Amino acid sequence: MRLRSHDYEYWAADPRSGYSFQLTADLSNRNLASSISAQRFNLTGEGLYNFRNYDPPFLIFGLRGGIQTTISPTRPGTDSRLPANYFWYLGGSQDLRGFSLQSVPSQGAMTAIYLDPEVRFTDLSLWGVQPFLFYDVGAVGMEPGTLDSPLFYSPGLGLRYKSPIGIFRTTLARGFPVFPYGGWTFYFSFGEEF
Amino acid sequence: MSSILGWIGGKLSALPGPAMAALTLLFAHPQLLINGRALELAKRLAAGAGVHLSWKAQSVRIESLGVLSKRIHLSFDDLCVRIPKDGVDSCFAKANITFAGGVIHGLKPRLTEIGPIELLDGELAYREPQVSPAAKQSAGQLAAPPKPNQAPSPILQVFERALEHAQIQPLHVQLGHILVVQRGSGQAQTRWQGNADLTAQATRAGGATGELLVNATELPAFRSAGAHLTLSNSHGFWRLSGWRAEVHAHGALPEEASLQVDGEVAQASAKNLLAISYRMSAGYAQMRRKLQMNLVGTADPDQLQATVSGEAHHLLPELARAGVKGCQIHLRKQASRAWPARVVLDCPVSASLPSLPGGLKGNLRWVRLPKSAQARVRADLQSEAFPPSLDSAVNGSVDLELQPLDWDLMHGGGHIRSHVQGELANFPRHWKMDTDLGLWVKIPSFRRLVRRLDQTHLSIWAPLRPLRGQVELQAQGRLDTRTGNLPLRLQTHLASRIQKLDLDAHGVLKLLGLKPSPRLHLSMDVGLKDVRLELPPLPVLPTPTSPKPDPMPQLLPDGRFHSPLKLAQFPSQAAGRVPTFTYDIHVHTPDAAHPVRLLTPQIHAPIPLEVSLHLQSDRPVTGRLRAESFPLKLFRRDVKLDHLMVHLLPPPKESSIDGQIQVPYSEYTISILLLGTLERPQLRFISDPPLPDDQIVSVLIFGRPLDALDPDQQRSVGNSRAALRQGVFSLFSLYYLSSLNIESIDYDPETKTASLQYRLAEGTSLSVSQGVGGGQPSVGLRRRLSKHLVVTTTLLNPSPEQANRAISTLLEWAYQY
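As they're listed, the protein sequences go chains A and B.
Once you know that position 103 of the first sequence is 95 in our numbering, the rest is easy, because the numbers rise by one and skip nothing.
Remember, our numbering sits 331 above the position in the second sequence when you count from 1.
Bear in mind the hints are in silico, worked out from the structure with no lab data behind them.
All of these numbers come straight from a predicted model, not from anything done at the bench.
Certain hints may be false.
As the list claims (entries may be wrong) - Calculated lysine to any residue pairs in the SDA-like style (CA-CA distance at most 25 Å, straight line):
(1) K154/A x K425/B
(2) K984/B x E1/A
(3) K154/A x A793/B
(4) K971/B x E865/B
(5) K763/B x G844/B
(6) K964/B x A5/A
(7) K831/B x F43/A
(8) K154/A x G844/B
(9) K154/A x K702/B
(10) K964/B x W119/A
(11) K154/A x I829/B
(12) K154/A x K964/B
(13) K374/B x R402/B
(14) K154/A x R1090/B
(15) K154/A x R1113/B
(16) K860/B x D47/A
(17) K154/A x L965/B
(18) K831/B x G120/A
(19) K154/A x R402/B
(20) K154/A x L1127/B
(21) K831/B x E1/A
(22) K964/B x L118/A
(23) K154/A x T1124/B
(24) K425/B x G381/B
(25) K154/A x E1074/B
(26) K154/A x L930/B
(27) K702/B x L647/B
(28) K964/B x R73/A
Bound-form chain B, shown alone (with noise of 0.2 Å):
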């Protein structure tokens, strides 16, 4: 129809006089050119400019209304339009086109009325003809749409004033069937068949109002759709601007989604026929998913202008809900011929944070996680088509800036900010996509964490549990897309009265893979930046945690903790063997100026270690730990420790130890090596000048040479070397067990059993026994009451969690003579 009447005006606008004589002699004598003949003319003229008119039959009857004023009927059955050039073809089986008009004042012809016009029972197909893609580009678009802000063309205008004042009567258009069909790429056509029926009346106001009913019975994606507008003008019919249309529709998609919209659009200028305004709210369910969308914006031909709010929920399985809220997007047509289109959106965002995998959940689960953390996306993008489709690329910078997220334990926040490259069907596969990350997670209360983790698999090892501070991790860096390279950064903070934990690690977390099942690889370089821990105290005496006396402090992680690490690579029991997360970290110490620090009660000065340790997923650690040289006091004596190593090898047990300790005197300097593996550390003795053991152990524990001491004293030196040629005394239980003034040693090979005596004061003793052959410890005190009476209270097995314990004492009378 807007063909047909683009078509009459297009050719009366070329003779604007003659039309005008024309129509006054239609309206006195209008059975002069409105018959029989003047139709076929018509139809003849038609054809010439393109458009093929045909009918069945016709008929025209006339009514006066005055002598210069006519109402005319026009009735055809089977009335057919053909536009080839345009490949539109519509018939319908009943049409009756009614007007009136006539000369009124000022001798000027006019249409007083217009309609009924009933076109019924008709059929309209559309096959989009083969054009160029330069034309095709602007075919979707009205023929020569105006620039914004420009009058209408003159055409349009001669038949706005010939109708503006014409009376509307009812105008019904009946299309029981429609197609359309559109061409795509290659041989590739789009069609949707449907029906449609069109109404129009004038309101009483001298507007006008309209109402359209289409349904679809085969659309692309849907199973079915209807749409049913309601348009309005307050103007009048024939306005070509001030329209506006409500709009419903409704469509079935496949597997039980459906899609609503309701909404209204409006011309929103006069001089702009094509620039609307609209309203819209559109919805989407399929089972748990839904969507709730709604827009305010404007459109024109070069640009459409849209605010969004809306809300998904469970679109994607992981994605509970998201929502956008005053979400701005601007799409424009550019002077560019490369990139015609234009895109800037800018979008809050909020979405609920997916769950964590099954295990990583459970052990996580007296941590209370954030359920939604919100954003900003900012995006500025170019199209190689206007309007951009999804075989069209893409290239812009796309910014998400995360609102910084502060909750229970943690807060967190950052950016990513990419430049990408690719075609919108294609995402994210041959994409190229730089991007900044600058992400970061912060726990400042590490307190906190400990008193939460407690109720975890994951609970914090106990030296470092009394630290305050905060943990801050970071990524921070160029995330390569194509090898999933992410760079990590972990700083802490920690420290108490007399422990500090300052770390800095950098490294890098790598995507191995996807499948089956993510699998993700860290390398990190961990700097012991300034660290301060205090060892437990170490027993003196076995106790049932520590059955055999003093034994070397455990370097290693404890094997009955559940590791992070080691939680991490196999969170659940569906990962089976195959790793998820695999590692390779190395703890240093970066600064010799700031070693490690171990604080003992046993050792006054703090003990300096340098640490160099390779933690990797598929082997036991390895690396090496050194004591640097610092004074310390051994046997009643300044000593020094000149260096102790150990090197950490696989297993465990067989980590070689290297250490020397020397003791200086006036005339010898005896040095007390530390030999052997973790399992079975050895000790001994050598002496600069050359000296014999015994002579040397006489110095170490009496301060005098062999031959100096009473017999026994003597006899005391060599169970001494016994007992430390079998292990009972350790390096240790030397240190500390020397700080007093021994007296004696006795030593019993059989049960392995050592026991010392201290001078506490004159005439009392304390004598400590211990043995690692079975023998009992014991713990003693002697005291001399007289020339010949002696008192000795031993209690055996002092520790209370021994179910043996006993208590003696011993009165001795003894007399020489």
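Chain A extracted, bound-state conformation (with noise of 0.2 Å):
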């Protein structure tokens, strides 16, 4: 289930305000064709906020989140019969980017959570490429529905260049606490455009 505000739909290719939230449920049950019981949910959504409504942008505030949380008596481990992408895992472009992509926690999580804001410099005149600054938070929980200490989370500094073919990104960020996870992470994307 999706929804899109008209300012995003409309500035898809380049966004700059505007809201989108979706939510994705996976229902599995042993008794019904399924080797399983386990029900997936997942609801992620991101905000655009063009400060001032300058046209052309100056500044732009974003913000980016999601809730994922897996139901089931299984909990991840290496005799899990739960696939691996039944559990939750922070860490990357798309979540923390202070963190390894996919290193939060390293078996997984039965729930996660995460929270990026972030502030893009549209309008600096640098042959195109826009800096932008971000301080990602999130958590992970062994059980459905509950966090557990401690909260990571990942200041950063990144760079947006807008090409004929779509976004690349690159940034630099350091993770916190540094163990066992954290320490300074680089990324280079394309397509990714929040």
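Build the complex: two chains, separate frames, hints provided.
Have a look at this one:
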């Protein structure tokens, strides 16, 4: 199920304002053509605000986040019957940019939540390159619907370039707590519009 | 009574000397003059004058107060007075009249006492006699009303002098039944019945006071009514001037309505007895309807002046409150046979604004509409009758000046000036009203309007949202009420740093009918004076919102939007299938030197666009969009868009495209033709001199003829032609994909996936693939590490919103021997 504002859709190729939310749910029951019983829910969304609605934009504030959980008696582990994609991981250019890709936690979690505020400077005459700052925050939990400590966070900065074929992004952030998953992390991505 | 006194005065005034002698004899030997025979003689004389007196019994008793001073008591049973000429008929079961007088200082006969006078258990009937219309006009006034500031008639002066020193004893007149019948037009009659009780007496200070109670048991438009008047005169009872009256009246109307009037009336001038000043407070109530008015002014038979203040609540369903403050009304008689009456009005008015229709109100609930408006109403009217009646015709001018409305989002104001002619009773039917209208509404901050409309179904379309400036709507011109045409003008002055929207629209709003609900039709000509709009970037690779790669930009209104025009057509479910609002709007660029300019980041120069669109409520949009000639870069060459025309036809998908781009080379000119429909645009390549298609594509993509290409490039030419034929590439994708140095093109006809390789640097190339037949799009980077080693990294389904994204890296080692 998806909800998207007019602005978000109109400026899809170069987002500057609007919001988008998506809710997906996977329902499986062992008694109904499935080898496992698990319900997986994923709510993600992002919102963009063009500061004072300048045209062209000068400053864009963005907020991206997600709430994910899997309801099942099974827990992550080597002998888990649940496939890996039923567990949740944070880390990567999509959520916590100061952590390695899908490294938090290493075995996966039953619940994950993240929030990525970002501010992008769009009109600085840097040959189309737009710098941005962000501060990603997230947490995971080993039980469905619960979160465990610690709270993970990664401040950082990045550069964005809009090419004729799509958006190129690069980020540098430091994840905290540094042990065991954090540290300096660099990402280069293509096609990610946020 | 006044007629009797007037008659007596009229007779006495003819003989002033003999009158004095008669009075002296009366007080010395009253029995000589006042006896039964004398009364019978008086009866006969009165009959000759048209006043018929009668009684069943009479008695005269004389009481001596001195030699030349007597008190005379007259008693009558069933005393009746009839004046057929005036329609008066009055009888009292008991009449007692007492007066005293004598010859006092200077041998002047004088009345020393008047009263007590008791006229009890009486009846009075007044039936308006049949008179000519001219005579009827003055019949409502007392006989021979004096001109302003002219002394009262001699008759009345005699009475005043004769009675001014008389001591007033109590007066009591009791009318148990009063009947008044007034004639209307034709056989119509107006009746009222009731009873009255009048008491009066002198005050110790030498003045007079009286009380009149009137109850109406039959009164037009009233179920019942009553009045209590308190009369007073500080100078004496028989004074003709100086009278004051306090009035308290009430009435019960049908449907539980009531009317209450309280006030004071006073004679304003000693010389003009009929000139009064008044102060009134009137209240009307019927369930939720309430009216409270205060009036202060003066009146005489020739004019009425009033200052009115008051408020009305729910008098009309659409009007919750209306009020006036300090409203000046002046009605006067003027020297004109055709138009004898003139009314001048100057009224500050305030009123609450009516609610919007249900559907529109719901959509505008976040916009704080003003609750009330102020205006000034000025009128200068003439009437063919004085005083004006509902049957009389009026003509003149009425001006309504709206006070500037300054509220949340808008400013507004204006005027309505109308020359009117018609009968009051028939308003507004058969009225002639020539009206000049000048109304305006200005939205000074478009940005605030955008923010407010964000909460409604009428939120503003994305490219216009950053605009700043103002919008002005005017209704200006002559309003023809017979046909219900309202001229309109809409102007916008909106701009941002890179966009601009200056419109000038002229139109007419027509009222087609009122039953069963108001139906309006809008005809409008919208001129795009100076328009610069930014187009959104067109995606190259498929996204969930654009599954087909870079489709033709949508030129027609998005059907998912709630159009204000559609909303006005059917504002609520109750409107049913009958549209309450229809429109016929022509949108065009009036000045060929100022076309609409479209800005897109993909093309550096603005695209000049000539617009001619026809929007009608009962059919799809038709018209023409024509992009004029402008330079652009295609395939790394400076080319010219010769023309691009879109004919909008119903159905919209079948709208046709006709375009041509000319790519000049030294030896030939290649033309790229854009044909087909909006749904299925097609590309054709022709050249001058004529070349085969593969040669044309070879020159366009690689800049060289086919025979100068290597085998890989020649294969790319064939693949390109196949991709173009299958619609994998459109002109827009060709435009910016061709801005880079194309190394090769591969095409899989089964998956309809085309892949382009671009040379980025020596040994480094970028590949982009896209498809329309279900093939997965991808982006890849290929780098030659050494003579035998190549690494390729490919991102499959690069859009982050697609679920099955994948990234792969391939390391190739090749050795050729």
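Against the structure, the hints come out as follows:
no., hint, result
1, K154/A x K425/B, "violated, 113 Å"
2, K984/B x E1/A, "holds, 22 Å"
3, K154/A x A793/B, "holds, 20 Å"
4, K971/B x E865/B, "holds, 21 Å"
5, K763/B x G844/B, "holds, 18 Å"
6, K964/B x A5/A, "holds, 22 Å"
7, K831/B x F43/A, "holds, 20 Å"
8, K154/A x G844/B, "violated, 56 Å"
9, K154/A x K702/B, "violated, 50 Å"
10, K964/B x W119/A, "holds, 20 Å"
11, K154/A x I829/B, "holds, 19 Å"
12, K154/A x K964/B, "holds, 19 Å"
13, K374/B x R402/B, "holds, 22 Å"
14, K154/A x R1090/B, "holds, 19 Å"
15, K154/A x R1113/B, "holds, 21 Å"
16, K860/B x D47/A, "holds, 21 Å"
17, K154/A x L965/B, "holds, 20 Å"
18, K831/B x G120/A, "holds, 23 Å"
19, K154/A x R402/B, "violated, 122 Å"
20, K154/A x L1127/B, "holds, 19 Å"
21, K831/B x E1/A, "holds, 22 Å"
22, K964/B x L118/A, "holds, 23 Å"
23, K154/A x T1124/B, "holds, 20 Å"
24, K425/B x G381/B, "holds, 23 Å"
25, K154/A x E1074/B, "holds, 22 Å"
26, K154/A x L930/B, "holds, 17 Å"
27, K702/B x L647/B, "holds, 16 Å"
28, K964/B x R73/A, "violated, 58 Å"
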